[in-house]
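Trainee: Using the hints, position chain A against chain L.
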Amino acid sequence: MKRLVGLMLVLCCALVLGGFGSATLAADELTFYVIAHAGPGDPFWAVVQRGVQDAGKALGVRAIFQGPAGYNVPEQVAMFRAAIEAKADGIATTISDARAWAEPIKEARKRGIPVIAINCKEPEELRGTIPYMAYIGMDEYEAGKMAARQLLPKLKKGARVVVAIHQAGHVGLEARAKGITEVITQELGGKVDKLDITQDATQAIGILRSYLKANPDTAAIFTLGPLGAIPTIKMIRDDGLKGKVLMVSFDLDPTVIQAISDGICEGTVDQQQYLQGYMAVVELYLCAKYKLNPADYDTGRGFVTAETADAVASLVKQGYR
Amino acid sequence: MRIKALLGHREVGVAVALIVVYAVFISMKREFLSAGTLGDIVTVAAELGTVAVGVSFLMIAGEMDLSVGSNFALTGMLLAMLVTRLSWNPYLAFAVVLACSAGIGALNGLVTLSARIPSFITTLGAMMFWRGLALYLTQGWPISVFTDVPLLRWLGGAKVYHTFHISAAWWLVIGAVFWVVLQKTAYGNWVFATGGKRAAARALGVPDTRVKLVNFVLAGVMAGLAGCFQLGRMGSMSPVWGQDLPLEAIAAAVVGGNSLTGGVGSILGAMLGAVTMASIRIGLVMVGAPAYWYMAFVGFIVVAAVALNVRLGEVISWHR
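For the protein sequence lines, the chains are L and A, in the order given.
Start counting at 1 in the first sequence, then tack on 287, and there's your number in this note's numbering.
Start counting at 1 in the second sequence, then tack on 3, and there's your number in this note's numbering.
Read the hints as simulated data drawn from the structure, not as lab findings.
Careful: at least some of the hints might be erroneous.
[As the list claims (entries may be wrong)] Below 27 Å or equal to it, Euclidean Cα-Cα: the simulated DSS-like pairs (lysine-lysine) are:
#1 K444(L) to K432(L)
#2 K444(L) to K465(L)
#3 K432(L) to K397(L)
#4 K374(L) to K162(A)
#5 K481(L) to K443(L)
#6 K162(A) to K397(L)
#7 K529(L) to K465(L)
#8 K521(L) to K432(L)
#9 K393(L) to K162(A)
Pulled out of the complex, with its shape left as it was, chain L reads as follows (with noise of 0.2 Å):
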């Protein structure tokens, strides 16, 4: 019975600390968490974790990233008690969902540990109410307003553009096309019409292909996601509709980023998640360090055009893209 229960701690301690016996180092070290609501199983999130492990090789500090396996905020509010309790110097998470976080990031800071915002926040008729220091991350709408120049000097004044959006009423999604439509209507005299085009891959071709036939006027397409982007590209290879229709699209993926390559796509815009994690250790590190309080960082500043795509795809390849 004894050796039974010998045998039981002495595997539970070899799994512990052959596992991760890493982990307990000088108590004085600085320790950062960055807790996102997905974890580094998620490809984009795989890229975050990245970001927040070479900024604590470079800073000489411990800096650790945790996510649940899948979108879970409770269990993300539970990694992010864990921090406060492990009495972490800063804290950096994603705001998943409004109502939740108000009251965790409060007490975070009522016990005196700084908190940042990366990747989301709450929506604007709630700004104000969750108490972080910064946010870093892209702005949607500035990135919306981004895209649009980007196309502009290829539009004639007056142009008809479609923003085909695939999950309506999603906040980020229709910040984009906020800032696309007022960047086309204010700085070009265009006509934008938004267009549904739902997430299912057939139903969006057959949308986007019934618009075209009654607006034949229409000379660029803005898709917000892969989710809508891939179905259109489809569509201009299809239908030979390259260099008749422009396209500008969001995010990376293996497919947009061929079709960048391919002309069929002008570019897309890279919200650069990288930085996200990189960037929110390297100014808790400061706050902590130095006091110096926390600023709002637009990671939303990359764009990939044909130019860059083959050296962004050789970057997605190793991780930092």
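Mentor: Leaving out everything else, chain A in the frame of chain L:
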């Protein structure tokens, strides 16, 4: 002799596991041993544990419920929807959604018992069906309650002390009630008899079918109640939350000495099982280990604790 009597308890395996987990984490991170950490652990354990108590009660009667995670999400979501979108009275809405969760449990029981198919199959189907319905109702979006609803504070939002949420207190009350019913009442004996030797129980006049049906309903209600606790604590409920809950609840139950085939088990053991799992979850983050270790760790604990229980059982019967 006294030690032997102590070792005869089904909770020994999980108690040893919990002590080992605590010892390991404290040795790695001093802060693990603090009121704040304990509060966080118990808060996480309360939601998992409420489900685990219901599932254990059903498992002792010889049945299984895999639909508890979907029931959890659907019930919490319905409560959020009724209170926000339809502006119902929160207390009325609470009663209605608990009735719904009872209905889901009852349906599991009725289908299993009348169609004579294993509850594993029935509730596997139910798990998918109710999850699908929850996703359809909100189109995949979470629902948040931004207004101050006293009921939600009472369910889980309020803190009683430091990081201890009120849901932990409700969980202890629930656990105590189930423990008393199981250990001290005739109904408890029926539950053991139904899950143990069903034919013998029936011959002795135990209404085994009714016992199973009642336990299905209770497992459903506990799952729904846990969903309401979480809504109270988070203020939001997403149709995709609670997907791992069925297996976690069963893991907590078996770690705590409940048998998969019924007839034996312990409510206290299941509760300690939930605390063990919550400790692993919080502890791994505190020592800075990758979160994926949680799964591996729980897997190890499940097998080790059950093996220890079996071994103990053999030793005890040998010496009798």
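Trainee: Between K444(L) and K465(L), does the CA-CA distance stay at or below 27 Å?
Mentor: Distance ~19 Å between K444(L) and K465(L) Cα, so the pair holds.
Trainee: Does K443(L) lie within 27 Å of K481(L) when you go C-alpha to C-alpha?
Mentor: With a Cα-Cα distance of about 19 Å, the restraint between K481(L) and K443(L) holds, given a limit of 27 Å.
Trainee: Need the status of pair K374(L), K162(A): alpha-carbon distance at most 27 Å?
Mentor: holds (20 Å)
Trainee: Sort out whether K432(L) lies within 27 Å of K444(L), counting only the CA atoms.
Mentor: holds (17 Å)
Trainee: Hinted pair, alpha-carbon criterion (27 Å max): K521(L), K432(L). Please report holds or violated.
Mentor: OK: K521(L) and K432(L) at ~25 Å, within 27 Å.
Trainee: Quickly compare the C-alpha distance for K162(A) and K397(L) to 27 Å and report which way the hint goes.
Mentor: holds (15 Å)
Trainee: Are K432(L) and K397(L) close enough, with their CA atoms no more than 27 Å apart?
Mentor: violated (37 Å)
Trainee: Are the Cα atoms of K393(L) and K162(A) separated by 27 Å or less?
Mentor: Given pair K393(L), K162(A) holds - Cα atoms ~14 Å apart, limit 27 Å.
Trainee: Are the Cα atoms of K529(L) and K465(L) separated by 27 Å or less?
Mentor: holds (26 Å)
Hint check: a violation occurs at hint 3 only; the rest are consistent with the structure.
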